[in-house]
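Asker: Protein chains in written order, with my numbering: chain G, 4 to 407; chain S, 4 to 407; chain V, 4 to 407; chain C, 4 to 407.
Just so you know, not all the hints are guaranteed correct.
Which copy is meant is left open, so a pair is good if it fits within one copy or across any two.
Calculated cross-link-like contacts (lysine-lysine; reagent style DSS-like; alpha-carbon spacing at most 30 Å) [unchecked claim]:
(1) Lys51 with Lys41
(2) Lys13 with Lys172
(3) Lys51 with Lys325
(4) Lys51 with Lys39
(5) Lys13 with Lys51
(6) Lys172 with Lys325
I should point out that these hints are in silico values taken from the structure, not numbers from a laboratory.
Next come the chains, spelled out residue by residue.
Number of protein chains: 4
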Amino acid sequence: MSDNRVVVYKGPGEVAVESIDYPRLELPTDVVDGLKIKRKAPHAAILKIVTTNICGSDQHMVRGRTTAPVGQTLGHEITGEVVEVGDDVLFANVGDICSVPFNIACGRCRMCDEGKTGVCLNVNPARPGAAYGYVDMGGWVGGQAEYVMVPFADFNLLRFPDRDQALDKILDLTMLSDIFPTGYHGAVTAGVTTGSTVYVAGAGPVGLAAAHAAQLLGASAVVVGDMIGSRLQQARSFGCETVDLSAGGTLPEQLEQLLGEPVVDAAIDAVGFEARGHGRDAGEAPATVLNSIMEATRVGGGLGIPGLYVTGDPGAVDDHAKEGTLGVRIGLGWAKSHTFATGQCPVKQYNRQLMNAILSGRARIAEAVNATTISLDDAPRGYREFDGGASQKFVIDPHGSVAA
Amino acid sequence: MSDNRVVVYKGPGEVAVESIDYPRLELPTDVVDGLKIKRKAPHAAILKIVTTNICGSDQHMVRGRTTAPVGQTLGHEITGEVVEVGDDVLFANVGDICSVPFNIACGRCRMCDEGKTGVCLNVNPARPGAAYGYVDMGGWVGGQAEYVMVPFADFNLLRFPDRDQALDKILDLTMLSDIFPTGYHGAVTAGVTTGSTVYVAGAGPVGLAAAHAAQLLGASAVVVGDMIGSRLQQARSFGCETVDLSAGGTLPEQLEQLLGEPVVDAAIDAVGFEARGHGRDAGEAPATVLNSIMEATRVGGGLGIPGLYVTGDPGAVDDHAKEGTLGVRIGLGWAKSHTFATGQCPVKQYNRQLMNAILSGRARIAEAVNATTISLDDAPRGYREFDGGASQKFVIDPHGSVAA
Amino acid sequence: MSDNRVVVYKGPGEVAVESIDYPRLELPTDVVDGLKIKRKAPHAAILKIVTTNICGSDQHMVRGRTTAPVGQTLGHEITGEVVEVGDDVLFANVGDICSVPFNIACGRCRMCDEGKTGVCLNVNPARPGAAYGYVDMGGWVGGQAEYVMVPFADFNLLRFPDRDQALDKILDLTMLSDIFPTGYHGAVTAGVTTGSTVYVAGAGPVGLAAAHAAQLLGASAVVVGDMIGSRLQQARSFGCETVDLSAGGTLPEQLEQLLGEPVVDAAIDAVGFEARGHGRDAGEAPATVLNSIMEATRVGGGLGIPGLYVTGDPGAVDDHAKEGTLGVRIGLGWAKSHTFATGQCPVKQYNRQLMNAILSGRARIAEAVNATTISLDDAPRGYREFDGGASQKFVIDPHGSVAA
Amino acid sequence: MSDNRVVVYKGPGEVAVESIDYPRLELPTDVVDGLKIKRKAPHAAILKIVTTNICGSDQHMVRGRTTAPVGQTLGHEITGEVVEVGDDVLFANVGDICSVPFNIACGRCRMCDEGKTGVCLNVNPARPGAAYGYVDMGGWVGGQAEYVMVPFADFNLLRFPDRDQALDKILDLTMLSDIFPTGYHGAVTAGVTTGSTVYVAGAGPVGLAAAHAAQLLGASAVVVGDMIGSRLQQARSFGCETVDLSAGGTLPEQLEQLLGEPVVDAAIDAVGFEARGHGRDAGEAPATVLNSIMEATRVGGGLGIPGLYVTGDPGAVDDHAKEGTLGVRIGLGWAKSHTFATGQCPVKQYNRQLMNAILSGRARIAEAVNATTISLDDAPRGYREFDGGASQKFVIDPHGSVAA
């Protein structure tokens with residue numbers, strides 16, 4: 004019954020496309036056993052995948068920075084067509100093209116009631132919160148595949164209103180599963196609004212998405228910092244200012260030059276724990292970004308922190324960092340009355356409105372992140388190039404659905 | 004013209020009451036020179052002080068943990084009667100009894116416009132934010148005195164509606180200048196609301212104020228943790244549960260026993276950087292409280308951090324801590340999607356509503372913090388006993404205004 | 004199969020208890036046909052009802068003020084024990100005692116995503132929003148019965164953590180299905196917070212619930228207005244001030260006398276469209292309450308309007324009122340910069356936190372509304388007495404579950 | 004000393020430019036006597052006016068719809084250069100070019116503390132809230148003049164950071180005194196955000212400003228309705244969709260055609276009480292707009308109501324309307340769980356961020372409202388043409404400061 008193909012982690016630096024079973028309307032064994040709930044999933048749907056993107060957080064696993072076992076299936080940025088639904092799927096229909104939030108959520112627990120789908124209580128026995136194809140996230144099969152099972156489908160699926168329109172804008176819509184809402188969440192929690200000046204640390208896809216989100220929220224200036232020239236160039240391509248962190252000059256000095264003052268109203272950490280010190284030869288310095296955005300943010304400002312920080316990082320630079328304890332300049336943050344918002348983006352809080360912004364042409368996220376389509380078989384190459392710092396967002400198209 | 008008496012820092016562990024000039028309607032030299040504004044202050048008022056409290060943050064100076072020079076005047080928790088007003092004081096009148104927010108603010112800058120009076124831009128050349136009688140806070144004369152000058156009086160003064168009623172409730176109202184709003188701010192920014200379970204770290208006056216604030220906000224259970232038995236007893240006296248951190252058992256274990264689960268909905272750090280490790284013999288461990296409240300707070304919860312963290316702490320345990328860089332378990336906070344709110348409480352955002360709660364009898368903050376009146380001459384004893392862990396909030400009564 | 008007994012509307016002024024079919028795990032025909040969804044409801048549960056209250060809004064039907072047909076089953080304030088669950092009920096278990104929000108919601112539509120369960124899109128073909136046992140609300144069978152079917156049970160049911168504790172507090176917990184959240188919603192949307200002065204128009208159960216909610220939210224004074232002396236007495240019994248609207252003196256004058264000023268910070272309309280003019284002999288004057296709370300509320304204040312206004316009222320005083328168009332003093336509201344919040348309370352936004360407030364003893368709603376238990380057979384008497392202005396909230400106990 | 008020239012109301016349909024005294028640093032007699040405060044105003048500044056716009060609300064007076072006496076000075080949309088400051092003006096300096104919020108506020112009362120500068124308690128003895136050059140608004144001299152006195156100047160003035168840049172963008176910046184914040188307030192209080200569909204009733208300057216504000220806030224579609232073709236054309240010129248209300252078809256039908264559904268997410272009433280019924284020959288129907296936006300707004304949506312409703316309208320169609328009581332479809336609003344936000348825009352809440360949006364080029368409000376410069380002497384013509392429905396916003400340039 005090996006009727007599905009999926010990207011699999013094969014060891015540090017290595018992924019492959021392998022065959023696995025076609026998905027069933029059943030919960031993963033980890034979830035069933037750990038939470039003692041029914042295996043049969045009448046609430047689930049099976050999707051034929053239209054697009055599925057490679058994410059920066061996949062790289063943490065592939066670089067061997069996590070405890071992901073060889074054989075871990077990958078992929079949590081999923082857009083697909085419904086091909087089968089369970090008995091209790093009432094509102095999603097076969098043929099619908101839908102975006103799937105990367106955070107799996109039940110829609111029936113206290114956290115989901117509060118809109119905090121990133122920490123759903125019913126989808127992962129190890130801790131609140133789950134995702135497709137990710138270590139320690141509930142054992143759900145990854146979606147860099149041909150098909151995938153989506154539980155609680157009526158709750159999790161965001162249906163696109165028109166099929167042709169959806170396929171037409173698919174490279175934008177595919178960003179709704181993760182990075183566009185994640186960047187937007189960073190901007191919103193940082194307090195970005197009409198007229199704000201904004202600093203985004205990191206010009207990878209999440210950083211670029213945060214920058215575009217800040218524009219949508221009305222920012223008067225968006226400055227993006229990174230150490231890779233082509234990524235900075237990408238940021239400039241849609242109207243951002245940029246700061247080259249590998250060049251001389253402190254961040255406040257560079258902001259002063261661009262904005263006339265050394266601070267911004269709001270800042271977003273789109274890098275997370277694998278941050279490196281500034282300057283070309285600096286090594287990993289996991290709190291660098293967090294500390295630098297405190298320095299760069301006005302008193303009373305907000306810091307949005309969508310960049311991932313983890314509780315266990317076996318490859319970290321020191322023992323404290325291995326358990327996620329970092330040297331944070333909390334004294335500075337406190338003196339400036341900063342607010343820090345952390346955690347996974349609860350995608351469902353934003354994906355519908357961002358879909359509307361895309362469909363109306365207001366948001367042009369595919370351009371901003373330089374979406375680049377590849378085949379499923381090309382996934383290993385996509386991983387390699389992305390890890391090398393390519394200023395592209397790779398979109399896997401397993402069935403050749405995306406128009407050339 | 005030495006017609007005023009004030010508490011003065013005389014070196015580590017030592018304060019004295021000394022005579023200084025009677026206040027004038029003028030800005031401090033530091034402010035005038037640093038910000039290049041007019042010295043003459045038609046916006047100012049002079050208050051005859053009714054009550055003025057000793058604050059935990061005064062202790063940082065008196066313990067020699069700051070760069071406060073010998074001679075630093077002290078006192079920022081001020082309640083007084085208006086005895087003189089400048090030409091541009093239109094709404095405060097001689098004879099009014101008023102509460103004075105500890106954070107001095109101009110009411111005319113962007114931060115004040117946004118309600119962020121704790122980081123006012125026009126009252127301190129060294130950095131945003133100022134206070135009476137505090138090192139590095141603008142050079143304003145302290146208010147543990149007989150008289151004090153209050154700038155921008157129409158903006159800063161909160162007038163009590165009735166003189167007799169005010170004197171009757173003066174031991175409650177005196178807490179409006181700092182700790183009651185500060186504790187309330189901690190509770191509000193932690194997200195405390197009807198039905199919340201709340202953990203407050205620290206049973207000093209701010210912690211007790213936060214606990215009482217949580218009750219006012221409708222908390223279903225308020226748990227206070229400390230290592231001093233008499234302070235815990237004080238917390239129990241107004242209906243809190245308590246956790247003795249010097250005893251065995253982790254905080255989650257103790258919460259589990261009290262609440263049936265190892266976490267609360269919201270937590271407040273009312274300790275700050277002078278935290279000590281748990282257990283009787285543990286030394287100073289400046290991030291202990293911050294890290295423990297992450298552990299004790301539910302996923303998706305909020306952390307209110309009114310406890311002071313500083314950018315410079317010459318007496319700290321290590322070089323990082325000396326500049327306010329602490330080992331924070333940010334990985335844990337991120338995994339739990341926590342939000343962290345830091346900084347000085349902007350007193351004006353809360354003091355009017357808390358005054359109304361006091362005057363109506365809803366809030367009984369004097370009882371909660373065990374307000375204890377002393378004379379100005381007794382201030383040195385008050386400092387000593389407070390530093391020794393007394394479960395009292397010392398209220399200096401320089402003119403014998405408080406009824407016995 | 005007539006294994007269930009339920010209260011039924013028999014014509015103006017008349018209700019009876021009749022036998023109907025035992026509930027099945029199926030959606031009502033109206034919903035199935037109108038929305039074209041599956042009849043089979045694996046998401047549903049059947050509850051053996053523990054308590055079910057008579058609501059003021061039931062009276063609109065029973066008085067003949069609606070188009071409710073003879074035979075309409077009644078009852079939407081339901082608390083019960085789960086006795087059967089469908090295949091897709093994963094988290095509610097047989098034996099759980101649960102509160103049922105009166106507004107039926109799917110948990111799977113855009114409005115439910117936004118927390119607006121009062122206007123769910125998938126439960127009523129006639130318009131957004133549904134309720135058990137109510138005309139024009141989707142055709143769901145009423146819950147003043149022995150048993151009831153609850154759809155989308157994992158989403159709709161609020162489980163009480165402990166069975167014995169729940170039965171012990173059942174007269175408080177039974178108010179979670181409607182009036183306690185409804186009153187709380189009124190207070191929250193009016194902006195009630197610590198220290199507020201609050202006016203509640205109407206001392207029926209919703210008004211009393213709003214008044215108690217205002218207390219929980221920290222109000223410094225809660226004033227309740229009505230024209231029935233025994234209801235005002237009930238309001239005074241738990242610490243409210245009262246205004247007798249049948250006596251002389253305008254509302255502002257009476258407020259001035261109580262509060263020292265003629266306005267409050269926040270006001271709640273707990274009456275709705277069947278309002279009568281002030282003074283003993285005044286007739287129905289449907290906008291009276293709305294207009295009077297504008298007059299009684301401070302500039303910049305908020306008006307919470309949980310009291311029901313309708314789009315069709317065949318028995319209204321004039322043609323405009325028949326279609327819900329009333330003479331509103333919008334000029335006054337505008338001049339005072341008021342904000343008006345209307346609509347059904349989305350119960351799920353509040354019921355969990357209010358449950359916690361009840362279980363901890365903070366909230367004592369049964370006392371506030373004078374909960375009075377009656378048998379199912381006594382329901383007609385309960386309707387009669389409530390309509391006569393009894394200052395009681397009638398709680399039907401169909402299985403004799405409530406301890407004497 | 005007739006060294007100032009100002010636009011004056013001369014009777015229905017008539018305005019003239021007349022000479023009056025040069026302003027002094029003193030409060031108006033009405034304010035001094037009514038509020039019993041000092042006449043001398045060391046907090047005030049005198050501005051040489053750079054631009055000052057004609058506002059739709061001026062027309063209410065000029066049409067004779069108010070009790071404005073002959074001789075009433077006009078003008079509340081003021082931008083100017085500081086030429087003199089009082090002793091207590093510390094942060095505004097001679098030479099600064101500043102925007103003046105139309106709502107005069109003291110910055111020292113409870114309402115100003117809460118940001119509600121539109122209902123300041125200390126600037127108008129008749130009621131909370133004041134404005135320059137407006138009947139019943141405190142007796143402040145109007146600013147369609149050469150010079151004007153601005154009280155509480157440090158609080159009220161918004162300083163532009165650079166003089167040359169300011170003059171370069173002056174036709175945009177001049178809209179900060181009223182209509183741009185007012186339109187933005189309408190959009191914000193209606194809940195407009197990224198992806199929203201928005202309906203704006205009225206294509207006059209406030210409506211166009213609201214429409215542009217909705218774009219800045221990220222709306223996916225903005226539909227503007229009016230009955231004047233040239234105004235609709237103006238709306239289309241910057242990307243709005245339009246609905247011609249004088250044509251056939253209901254508003255929901257026209258929205259359906261444009262958006263695929265008959266409702267929007269958020270609606271703004273930019274017309275107010277002088278609304279006319281739809282269709283070419285319909286007479287005045289003061290609640291028409293309010294009722295139509297309820298019909299056009301989705302359940303759970305918000306209604307922003309910056310359009311003016313008044314408490315006294317001597318020329319109204321009936322006795323109820325004369326005192327501001329209108330036939331509002333409150334039953335419909337309630338059934339749809341709508342929220343209504345009314346009142347004057349508190350300009351200071353938005354003008355700084357909107358200034359930043361203008362200076363960065365993000366906001367292009369002058370184009371949106373078709374700003375048209377005229378001389379002071381041409382003011383009477385401007386009034387006439389604007390009243391005739393011109394799709395222009397007239398900007399008076401009393402000193403010839405605006406570059407051709």
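Asker: Each hint needs a verdict: does it hold in this structure or not?
Answerer: Evaluation of the provided hints:
1. In the homo-oligomer, the alpha carbons of Lys51 and Lys41 lie at most 30 Å apart both inside one protomer (24 Å) and across protomers (24 Å), since each shortest distance falls under that limit.
2. In this assembly of identical chains, the alpha carbons of Lys13 and Lys172 never lie at most 30 Å apart, being 33 Å within a copy and 57 Å across copies at closest.
3. Proximity of Lys51 and Lys325 under a CA criterion of 30 Å is satisfied in neither setting, with 39 Å inside one chain copy and 53 Å between copies.
4. Proximity of Lys51 and Lys39 under a CA criterion of 30 Å is satisfied in both settings, with 29 Å inside one chain copy and 25 Å between copies.
5. Taking the shortest Cα distances, Lys13 and Lys51 sit within 30 Å of each other inside one copy (24 Å), while across copies they are farther apart (54 Å).
6. Taking the shortest Cα distances, Lys172 and Lys325 never come within 30 Å of each other, neither inside one copy (41 Å) nor across copies (48 Å).
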